[in-house]
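Visitor: As a plain string of letters, each chain reads:
Number of protein chains: 2
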Amino acid sequence: MTLTLVNGESAQSIPADDRGLNYGDGVFRTLVIRAGRAALWRLHLAKLISDCTALGITAPAEAELLADIRHIASRMPDCALRITVTRGSGGRGYAKPQTVTPRRIVSASTLPDYPARFATNGIQVRYCKQQLAKQPSLAGIKHLNRLENVLARSEWTDPDIAEGLLCDSDDNVIEGTRCNLFLVERDGLVTPDLSQCGVAGVTRDAVITLAAQQGMACRIESVNRSRLSAASEVILVNSIVGVWPVARLEDLEWRNFPVATRVRQWLHAYGNATD
Amino acid sequence: MTLTLVNGESAQSIPADDRGLNYGDGVFRTLVIRAGRAALWRLHLAKLISDCTALGITAPAEAELLADIRHIASRMPDCALRITVTRGSGGRGYAKPQTVTPRRIVSASTLPDYPARFATNGIQVRYCKQQLAKQPSLAGIKHLNRLENVLARSEWTDPDIAEGLLCDSDDNVIEGTRCNLFLVERDGLVTPDLSQCGVAGVTRDAVITLAAQQGMACRIESVNRSRLSAASEVILVNSIVGVWPVARLEDLEWRNFPVATRVRQWLHAYGNATD
Numbered sequence: 001m002t003l004t005l006v007n008g009e010s011a012q013s014i015p016a017d018d019r020g021l022n023y024g025d026g027v028f029r030t031l032v033i034r035a036g037r038a039a040l041w042r043l044h045l046a047k048l049i050s051d052c053t054a055l056g057i058t059a060p061a062e063a064e065l066l067a068d069i070r071h072i073a074s075r076m077p078d079c080a081l082r083i084t085v086t087r088g089s090g091g092r093g094y095a096k097p098q099t100v101t102p103r104r105i106v107s108a109s110t111l112p113d114y115p116a117r118f119a120t121n122g123i124q125v126r127y128c129k130q131q132l133a134k135q136p137s138l139a140g141i142k143h144l145n146r147l148e149n150v151l152a153r154s155e156w157t158d159p160d161i162a163e164g165l166l167c168d169s170d171d172n173v174i175e176g177t178r179c180n181l182f183l184v185e186r187d188g189l190v191t192p193d194l195s196q197c198g199v200a201g202v203t204r205d206a207v208i209t210l211a212a213q214q215g216m217a218c219r220i221e222s223v224n225r226s227r228l229s230a231a232s233e234v235i236l237v238n239s240i241v242g243v244w245p246v247a248r249l250e251d252l253e254w255r256n257f258p259v260a261t262r263v264r265q266w267l268h269a270y271g272n273a274t275d
Numbered sequence: 001m002t003l004t005l006v007n008g009e010s011a012q013s014i015p016a017d018d019r020g021l022n023y024g025d026g027v028f029r030t031l032v033i034r035a036g037r038a039a040l041w042r043l044h045l046a047k048l049i050s051d052c053t054a055l056g057i058t059a060p061a062e063a064e065l066l067a068d069i070r071h072i073a074s075r076m077p078d079c080a081l082r083i084t085v086t087r088g089s090g091g092r093g094y095a096k097p098q099t100v101t102p103r104r105i106v107s108a109s110t111l112p113d114y115p116a117r118f119a120t121n122g123i124q125v126r127y128c129k130q131q132l133a134k135q136p137s138l139a140g141i142k143h144l145n146r147l148e149n150v151l152a153r154s155e156w157t158d159p160d161i162a163e164g165l166l167c168d169s170d171d172n173v174i175e176g177t178r179c180n181l182f183l184v185e186r187d188g189l190v191t192p193d194l195s196q197c198g199v200a201g202v203t204r205d206a207v208i209t210l211a212a213q214q215g216m217a218c219r220i221e222s223v224n225r226s227r228l229s230a231a232s233e234v235i236l237v238n239s240i241v242g243v244w245p246v247a248r249l250e251d252l253e254w255r256n257f258p259v260a261t262r263v264r265q266w267l268h269a270y271g272n273a274t275d
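Protein sequence lines, in the order shown, are assigned to chains A and B. Mapping the first sequence onto the numbering used here, position 190 (from 1) lands on 190, and the numbers just tick up by one. Mapping the second sequence onto the numbering used here, position 14 (from 1) lands on 14, and the numbers just tick up by one.
As the list makes no split between identical chains, a pair holds if one copy fits it or if it spans any two.
The calculated lysine to aspartate or glutamate pairs, modelled on EDC-like cross-linking and capped at a C-alpha distance of 20 Å, are:
1. Lys96 to Asp160
2. Lys129 to Asp158
3. Lys142 to Asp168
4. Lys129 to Glu155
5. Lys134 to Asp193
6. Lys142 to Asp193
7. Lys129 to Asp171
8. Lys134 to Asp170
9. Lys134 to Asp171
10. Lys96 to Asp158
11. Lys134 to Asp168
12. Lys96 to Glu155
13. Lys96 to Asp113
14. Lys134 to Glu221
In short, the hints are calculated from the structure, not lab data.
Model the full assembly from the supplied sequences, consistent with the hints where possible.
Guide: Here is the structure:
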């Protein structure tokens, strides 16, 4: 089941001259609505505004987004919500039209039904062959140019593999196809530097903040494969899956996930306190 | 004026769950229809098929595209035509749906009215600050992930500047925001290597082939800014503008364009012979 609002109105379609379609000229967010409440809403809103600003797109007003969310939550109180903001309709050519009205597309889907063991026992992941290009002007932004992710995700069909890890052209590990990544090392958490590529998700931001509040070191650094192999835990996070520890990666295995469990508890308490 | 066909039917919109919108998961072509005939059609069709194949998208049948073109040419015999092929509609997530039907969007716009002096006297261009990321899996393909071009084109508004040049992260000159590039050197033509980034347009392909037929050397090589500065002509080409020599780039000036004129004549004769 899906339910879509385009600029606040129920709609199943968008104009064919939308620059989101023609050039990937826009940004998006994916978040969870549970019991009618949008999880980590303040962080998602801040990130949406920041990503729009980075591309010179006027972000929608919070009131409009909240009205969309209320409308959807009244029909689907538990759902995965995608908010897309495109630059809007425009004629031929890369130049932005002189006057342009951004378009907001809010679409709800049934929440995916992941096995509970993914969170408790960990998941199996693989390295993708597809690499992430280094593009500092777009790094961190959740924009609509996502062919690298599509190509990476097309590398496997085995349903036992829950996520693929992506490296940059220097073989630094950056992220999963749809998750951010943390390592647990002796002296705390490490998450890959996203200044050259990757998407800086809000769950990653929340974990960085919560680690600081909890007195656990969390550093943003380059991570290569051997550093990842040596980590005592490897943790994947995003708004939909929450916190998944990695149990298997090629010939490597991890069995105990005490830090992943703590991080999940932090996020749970944080979500309850702030939503 | 615009006129749009979606899967062969007159339409102004596409479904909001199209993966072209959600991920830039698709490719496109831009070509000219003059007096009802699609210029360089064989080359455009071959490139469309090749780009679809590179992304694992089933290309539309030629007969469907020709029917679209006939329909449009009967109403707009002279127009700029954009053919977009997306992977089609799909649910949430980067994974391709198990069954997916590509969507074809064919849209005609009024031909842009460029001053004739751009072709005869040359154009003014600039270097863009925006760099092209190196991504060999997507290089050459005219896909829908075009934010680099959008950001580059947003760097200037001066209408006297007809095009911006883009370099990669090693400062190799690759292309214009919407044109391919040739240099004229003592021993022939040089066009930048597009194995790491850039779009390999069909006009570039045609010029490479025609140079060989005409006995003019044409090499595909790395081009840095000093090599470009030393060229006796710098020529920009695409399906819409045709052949534009560069007259001014920052403090550099060029005044004679004998090779650009020859290349234009080759393309003209080739188009008449092959369309």
